[in-house]
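Student: Given next are the chains, with one letter for each unit.
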Amino acid sequence: MNGSEPDTKKAASTKRQQAVEMPKQGPEERVRNFREVALGYTEEMAREEASRCLQCKNPQCRKGCPVDVPIPNFIKCITEGNYAEGISVIKTKNALPAVCGRVCPQEEQCQKMCILGKKGNPISIGRLERYLADWEREHGVQVPEKASPTGKKVAVIGAGPAGLTVAADLVKLGHEVTLFEALHVAGGVLIYGIPEFRLPKDIVQKEVEYVQRLGVDLRLGNLIGRIHTIPELLESGYDAVFIGSGAGLPQWTGCPGENLGGIYSANEFLIRVNLMKAYDFPQKDTPIRVGKHVVVIGGGNVAMDCARISMRLGATVCLNYRRSRKELPARAEEIENAEEEGLICNFLNAPLEFYGDDKGWVKAMRCTEMELCEPDASGRQSCRIVPNTDFTMDADTVIVAIGQTPNPIIQRTTTGLQTDPRKGTIITDDEGRTNLKGVFAGGDVATGAATVISAMGAGRRAAQAIHTYLTNQEPKEGSS
Amino acid sequence: MTYEILSKTQLAQKETLFEVNAPEIAAKAQPGQFIIIIPRAGGERVPLTICDYDVERGTVSFAFHEVGKTTKELGTFEKGDCLYNVTGPLGNPSEIKNYGRVLCVGGSIMIAPLLLQSKAMKDAGNHVTTVLGCRSKDFLFMLEKAKACSDEVHVASDDGSIGERGLDFLKELLKRERYDRCVVMGPVVMMKYVSDITRPFGVPTVVTLTPIMIDGMGMCGVCRVTVGGKMLFGCVDGPEFDGHNTDFDELIKRQRTMLPEERLSSLLWETSGGCDCERQ
Ligand SMILES: Cc1cc2nc3c(=O)[nH]c(=O)nc-3n(C[C@H](O)[C@H](O)[C@H](O)COP(=O)(O)OP(=O)(O)OC[C@H]3O[C@@H](n4cnc5c(N)ncnc54)[C@H](O)[C@@H]3O)c2cc1C
Ligand SMILES: Cc1cc2nc3c(=O)[nH]c(=O)nc-3n(C[C@H](O)[C@H](O)[C@H](O)COP(=O)(O)OP(=O)(O)OC[C@H]3O[C@@H](n4cnc5c(N)ncnc54)[C@H](O)[C@@H]3O)c2cc1C
Ligand code: SF4
Ligand code: SF4
Ligand code: FES
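Protein sequences, first through last, are from chains W and C. For the record, in the first sequence the residue sitting at position 141 is 141 according to our numbering, with numbers rising by one throughout. Basically our numbering = 1-based index in the second sequence + 480.
Please note: incorrect hints may appear among the correct ones.
EDC-like cross-link-like pairs, simulated, lysine to aspartate or glutamate; straight-line CA separation at most 20 Å [stated by the list, open to error]:
1) W:Lys277 - C:Asp722
2) W:Lys359 - W:Glu258
3) C:Lys552 - C:Glu750
4) C:Lys508 - W:Glu232
5) C:Lys710 - W:Glu258
Since the hints were made in silico from the structure, they are not lab data. Please read these numbers as outputs of a predicted model, since none were measured by experiment.
Work out the full structure, taking the sequences as your base and the hints as a guide.
Tutor: Next comes the structure, spelled out in structure tokens:
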């Protein structure tokens, strides 16, 4: 966190207006390693940035935060040097601050609403949150006290942000919680999706350990729907179930040749690299092959992560996006980072066909140009093919990053569970109740692919609803 | 959970059967399903078909063939050692019904899981003919077990050193007798070959596809196969598919996509002395 040259120009006159920049690894250096790009504030930087906060009486920033973190309160603690209290203030609302401080799209949430944002210089809330979380990790994490046991048992499915939040909240309320995770590591997308250089895995690991230290019983390698079904869990003594199984089913272009070697879904690529640590092959056993010309199809955060990994594995990378730069759904900060690292963006084109060599490995692709047209019903800019504009480009690796839909196994194996047949999502009310008694759901499996903090917010609301459900259930059930 | 190896049986030179402690998996396992094993922390995830389970003992058995780094390493595990992780059961169970007369064809290591199906088919009231295919007589195993769970057993080897030479005799068998269903588990080329044989006879043929897999729960798509012109996932839509509609050639190509890397990994393992040399 130290020893880096902040690339800031802090003119004294602008000090109170301009946000304190966070030091980063330079682009030439970072594109050759998998270490974290953003290096975090020093104590001085954090206090300087915190001192810009106006401590609004009616803080708008809080309204932008999906989990209602008491933002001015923790910022005040920083200005006073009272870091231990600062972190506990955050943790009343957010169990994963080290993660959120790094990957929340703050510019769309808390920072968008900050009153100083009106003049274009909101407080760097995420960076301050990260500062406190990192401070705590260095100084020893406190485990809060638990309520006395209620005798109620809850099964939480999926150890992503939604499931971890529900598990942490319920165990603190005195319920017995078992957290079932299908993979051999907990963390969900935080572990298998978001790359090391944006979110170091030992940080996620620490957050998971924290949830375990609260008393949650974590069972890895348990694919619910196969090893136990939801009705079986309810019959075998669990009083309630929360489904937080995420959205990990890859979508495809449907173009001919998509099953050629060298064409990865974003998820395959990410799972190999992040979960199985293929960037360290052959030290690690799972391989990845990336050629010289990688084409990433898509334009969201997932596409950006795949592109930045590919550059780190030594490739030249093009991002092919069917709309224009203005419509790119990825975070502005990530696009900027990626372009600094050498990403080439090709706008307004879409794939039509993939060509392979005689071994069945992709070697080129045929694309068409696209043009923007009237926004569709949802207000999103649509686009269409421009006829007779086909062109061919070389590609020895293609990564298809055009979206993910909910993991389907639970939906397929739980009879009567109401789902949206088109999107594959589980239907819930605002508090996460499904149509089945005692069964709750939240996060990406209910909303479709969204954000870490929205999954946590859904988890938080569902935990409250589950708690109410369990406490009201008591009189009816009598003895336990 | 500790996945202790409770017994190790050498089926042939590079074919091994393990029985591991995994009571929760044993309680749910059914014929046709598979598990994913990570031998040690930091290792690869390898899919292997369940070839037996014992609910009372709380165990699951699987047999594997040493082909690359991870299976070679697995071969060095002994009774009493623990596996880092076992996930399962995965995939859809086989459709076991009373079809009438069922032909079960197994090749090389997949003979072991095939016999679980032969047995289930027999228990369901079928007349079961089991065919054991192997490279040569040194690679034949479980003949007695096959006899115990079938009405009729045939052996075939590639070199003719035991039983029939090759699988062409299946044509004669199909001409002589009516079969209502055929189940094939083995190397992809063999499953393709058998599917081609049964097609003209119109015998519904079920094959167990073994594409490369990672998560085994539908998240990565590396296991995609083309069946009936549609893209399906081996792990969640399968592993059993209609052999007459499977694009085997694509599968064979897809299985080889990481061959250079697999060779490198295997070579490093052998030169670093982990390997066979220690065991033999
Ligand atoms: C590459 C990538 C980058 C992203 N970047 C950002 C970002 O910068 N900022 C941001 O806010 N969001 C980002 N997101 C989105 C964010 O990560 C997700 O919205 C969030 O993780 C959803 O949380 P979840 O708990 O609902 O699901 P997940 O994180 O998907 O967790 C679900 C968990 O459930 C497990 N599971 C699934 N099925 C079963 C089953 N049947 N039984 C047991 N366990 C099961 C899965 O293995 C997984 O661990 C990104 C996503 C990706 C893929
Ligand atoms: C559903 C399923 C069930 C299976 N059941 C069995 C079984 O019961 N017994 C058994 O011995 N093997 C089985 N396999 C194959 C087994 O998973 C592979 O042999 C194993 O992963 C090879 O790992 P390795 O590191 O030793 O070899 P690698 O170095 O990874 O590969 C060596 C060779 O095996 C092929 N291969 C690699 N990974 C796989 C894979 N996941 N599936 C198929 N071929 C692969 C490669 O193309 C290569 O030619 C099954 C595969 C699947 C998908
Ligand atoms: S959790 Fe996210 S949205 Fe809320 S304050 Fe922190 S960074 Fe902002
Ligand atoms: S709106 Fe901005 S200035 Fe006001 S309290 Fe929140 S962070 Fe501070
Ligand atoms: S193995 Fe990943 S989707 Fe089938």
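Student: Looking back at the hints listed earlier, which ones does the structure fail to meet?
Tutor: 1
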